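K.L.:
Here the protein sequences come in this chain order: Y and L. If you use full-length UniProt numbering, the first sequence corresponds to residues 1 to 553, in order. If you use full-length UniProt numbering, the second sequence corresponds to residues 1 to 553, in order.
Calculated from the structure, these hints are not laboratory results. Remember, it's a predicted structure, so these values are computed and weren't measured experimentally. There may be inaccurate statements among the hints.
If several chains are the same, the list does not tell them apart, and a pair holds so long as it fits within one copy or across any two.
Pairs of lysine to aspartate or glutamate residues, derived as DMTMM-like cross-links and limited to a Cα-Cα distance of at most 20 Å, are as follows [claimed, not checked]:
1. 466 x 17
2. 466 x 65
3. 466 x 452
4. 127 x 506
5. 510 x 62
6. 480 x 523
7. 167 x 80
8. 466 x 181
9. 466 x 26
10. 458 x 21
11. 167 x 526
12. 163 x 26
13. 480 x 360
Protein chains: 2
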Amino acid sequence: MFRTAELGRKVSRTEFEQLTEPLRTELLELQQRLLGADFPVIVLFAGVDGAGKSESINLINEWMDPRWIVTRAYGPASDEERERPEFWRYWRDLPPCGRVGLFLSSWYSRPFRDRAVGHADEAAFDKALERVAAFERTLADDGALILKFWMHLGKEAQRQRFKALEKDPLQSWRVTPADWENWGRYDAFIAAAERLLQRTSVGYAPWQIVEGQDHRYRSLTILTTLRDAIRRHLEERAVRRVVGHAVALAEEEAAPADPRNPSPMDTDAPGHAPLMAASGEVDRLLSEVRRGLPSILDRLPTDLVLDKETYAVRLAHEQGRLNLLMREARTRQVSTVLVFEGWDAAGKGGAIRRLTQALDARDYQVIPVAAPSDEEKAHHYLWRFWRHLSRAGRVLIFDRSWYGRVLVERVEGFAQPREWRRAYAEIRDFEEQLVEHGIVLAKFWMHITRDEQLSRFKARETIPYKRWKLTSEDWRNREKWDQYEDAINDMIERTSTSRLPWTLVEAGDKHHARVKVLTTVCEALEARLGVHINNEPPRKTHADKEKSKKKEG
Amino acid sequence: MFRTAELGRKVSRTEFEQLTEPLRTELLELQQRLLGADFPVIVLFAGVDGAGKSESINLINEWMDPRWIVTRAYGPASDEERERPEFWRYWRDLPPCGRVGLFLSSWYSRPFRDRAVGHADEAAFDKALERVAAFERTLADDGALILKFWMHLGKEAQRQRFKALEKDPLQSWRVTPADWENWGRYDAFIAAAERLLQRTSVGYAPWQIVEGQDHRYRSLTILTTLRDAIRRHLEERAVRRVVGHAVALAEEEAAPADPRNPSPMDTDAPGHAPLMAASGEVDRLLSEVRRGLPSILDRLPTDLVLDKETYAVRLAHEQGRLNLLMREARTRQVSTVLVFEGWDAAGKGGAIRRLTQALDARDYQVIPVAAPSDEEKAHHYLWRFWRHLSRAGRVLIFDRSWYGRVLVERVEGFAQPREWRRAYAEIRDFEEQLVEHGIVLAKFWMHITRDEQLSRFKARETIPYKRWKLTSEDWRNREKWDQYEDAINDMIERTSTSRLPWTLVEAGDKHHARVKVLTTVCEALEARLGVHINNEPPRKTHADKEKSKKKEG
């Protein structure tokens, strides 16, 4: 694989100097155009030590406008980083649209090192690379231009490079004993590198192997590749915008596909997105077919009710149980992420407050998901959720969430069909990372019927301190009930797995709903912590009743 | 001081229930108005344990719209927090305009605890409180509404409260052995609390002592205080906007003050800002007086030149020296913050690149300061610089900086006179915190004459890959040369202290300028690290020349 990168290719000083000025000019002009573009550029440098990774990054910073470039390299994780899933540190450093991010090794470095030194077997290596590929895929799907340079040196060339550096008093610091130790493992490194390149070199994020020996040859290779890639991507995005409009028109009259086999929808790649997107008709048909069948939501019972007295006792009991469990979780540094979605007026806020009443204000944070800020808009839609992830042992409650992508954004057309369709897989991948990191995740859909919503809206209008909750948007959303119902059914079908289950909450009765939410959270915590708190509701004594009344106040 | 908070005041359940609905309605309505306001609300809860701090925070979250409230409490600092100045964690949690931030103890808790348990003497306590006061002052000056509640319980009442909690199986976890230990120190706590309240209760951030025994009395006190304060502040800000316009008009015809004694300007408090702000005429006069006298900038020699050969040798030498020092700093976790300001085309970028060439891309970050994002605009102007502070051992280079407040924002009128005048003190305080934390700080003003700038602008127009650097804004800025000169002189006079020195760089000759910057950074590092790297330029051998040529390429 690396044969062609050991040819000893060179560029003479004269040639290099002749090319410098036109190339710099082109790069700077492209960067100006890039500033107004709707995508970021992500450039990754990995490879053999001494093959010019840092030098290349310095050169890009020198030749282009450094104001719009961020450079990131990673040492050992900080405790704030260790307390979140591994990719949190990469998400938080992603450049916004119009900017260039230069990354040194970064998301490849741990899997690669683990494999090269033998800490991970091939299966573990492949699994880690799959995660990396999914990460790059989701960025590319969102429009990012991803370039990856593998800087190569032959074994002997690396030895000579180290020797040369060691002789130069100003450069000798660059060579450490660890470098020589790694040199001893050269063959194992190369074997791991080959697998890495094979598994993660894909159309939307290709690896380019760069012969690193001659700094002029290397620099020209990287800079012209970068130039061509930015230019091509700018053009492709422009074409895509035009095609996108055409496809949107075509969708209106497209032929229906198999309505009961929606799975291909969430695996469309950017390469064939325009072809796959022509399925507005499919959605409509699917929706009609479903209207005839009972959906997941339709099957929910609507008669689950808790009388006031039982509610008071159960509430106090579950809150006490939750409190004990959360303190245990805090001690053991286990975090919890709770997601609340539901119809307007289904009682998300009330359920959340019954949870937070049982918690210490030090330990939880409610994140109300409203319109994104301009910084958030300039990133992948998941970026703003990654940035909220809290430190270990905390409870993070999302009042609405990333599922907005497949609900409101789908129904209102803020996201293109190809965008919300691939979101199911992106969301599963995101949540998988939370769960793998040991975080307790629970997702609630608060369900009420259309009639129940109407009577709640009307009630809200009469209570002064609840009136603010009701906006004209609520009424507008209500008109799109059927479309939302389809979106909700799809969401639950595609994002409820045994590890990432949705809890459907029959919220027609608020008492029942609140207790069900509390109980579900407690059970998830018990399962995660391997402890069991007495689950039997206490007998109703007079003292109990008084106590629960107090807590209600 | 706390006598009046031990009166055992109570509110009956009936009274409380009667007041609930109107009060909630008022709070929610105010919160709606607040969303469109140009200031944040910062509410701090401190005081005796068991007096209802967490409960009050929960209640506010319950009665108001929790979507626009952030709640923050602080445990031990994370390593990312320890690697920055103490206030970094508070800056990053500040709510944006229109939102409410609820803080548990937070910036008071370390000074208070240190004093109460005897780790700090009175002088150290006072110093810590001064820092706190300066922090709150700068937020209040920026428009923030700050409310501080000291929740009080008498010694016996606290004991009874703990006992009662311990008896309740659902609440007993709230009482820890540490609580009882603290109870034993009750008198020392109260003594420290009295001093704390006296020193930090000021008009713009008053403490309100709240009797904590009865939860209904306590809740009503806090919520009505909050309601009244938000209402009053909304009105005051509205009035201030009107008055602000009037003052701006008045400034045009105001009488001059003593032109050689500008010091009162940077101590105006928000209370009398409109009166102090009428000094547009003062500025003009001052500027004329100065025009007759040589200013700091005028006194800079313009004939400092390094010939190409000496430059090449000195550059290579200083870069090598810098590299050694920075690696030592990295090892010892000493961070460096470098600030570059200067005339357009004075060579900031070139000087920065000569620095970064000597560094490892893993260790530095260049922060180009452009227009703020909407999240940044919704915060204090220093917020966006605090958020950039890097982890320990890194080099952070600001290409333009917080000094924009007293340069471009002053000259262009983006900041009101009272805003940029108080910025001198705010900036000194910010930089003091960096230096106290052990960070090496160097600030460079890159100076060229007006004629030199003109010839550089003209040269830029002819070099294709430099043309993008020259914008119409550069030409516009150039027309305001005199106003900028005044602003620069003021800036240097007021923000150059022995601990926070400005380095004026005679940048008419780029070679001289780059070497001076490198040497200054090296010297600052040597002083901080207590090491000395051979400072003599090496003799010019042929090999040296070749080497430095290579580095230039």
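K.L.:
Hints first: check each against the structure and report whether it holds.
P.N.:
Here is what the structure says about each hint:
Proximity of residue 466 and residue 17 under a CA criterion of 20 Å is satisfied inter-copy only: 17 Å between copies versus 71 Å inside one chain copy. When the C-alpha separation of residue 466 and residue 65 is checked against a cutoff of 20 Å, the pair qualifies only between copies, where the shortest distance is 10 Å, while the shortest distance within a copy is 52 Å. When the C-alpha separation of residue 466 and residue 452 is checked against a cutoff of 20 Å, the pair qualifies only within one copy, where the shortest distance is 17 Å, while the shortest distance between copies is 66 Å. In this homomeric assembly, residue 127 and residue 506 never come within 20 Å of each other (Cα to Cα): the closest approach is 38 Å inside a single copy and 57 Å across copies.
Proximity of residue 510 and residue 62 under a CA criterion of 20 Å is satisfied inter-copy only: 16 Å between copies versus 62 Å inside one chain copy. In the homo-oligomer, the alpha carbons of residue 480 and residue 523 never lie at most 20 Å apart, since the shortest distance is 35 Å inside one protomer and 68 Å across protomers. In the homo-oligomer, the alpha carbons of residue 167 and residue 80 never lie at most 20 Å apart, since the shortest distance is 40 Å inside one protomer and 37 Å across protomers. Taking the shortest Cα distances, residue 466 and residue 181 never come within 20 Å of each other, neither inside one copy (68 Å) nor across copies (44 Å).
With identical chains, the CA atoms of residue 466 and residue 26 are at most 20 Å apart between copies only, with a shortest distance of 11 Å across copies and 59 Å within one. Proximity of residue 458 and residue 21 under a CA criterion of 20 Å is satisfied inter-copy only: 18 Å between copies versus 70 Å inside one chain copy. Proximity of residue 167 to residue 526 under the C-alpha cut-off of 20 Å is found in neither arrangement, the shortest distances being 61 Å within a copy and 25 Å between copies. In this assembly of identical chains, residue 163 and residue 26 lie within 20 Å of each other by CA distance neither inside one copy nor across copies; the values are 36 Å within and 75 Å between.
Within a single copy, residue 480 and residue 360 get their C-alpha atoms no closer than 39 Å, and across copies no closer than 56 Å, so neither meets the 20 Å cut-off.
In terms of the numbered hints stated before, the structure departs from hints 4, 6, 7, 8, 11, 12, 13, listed from lowest to highest.
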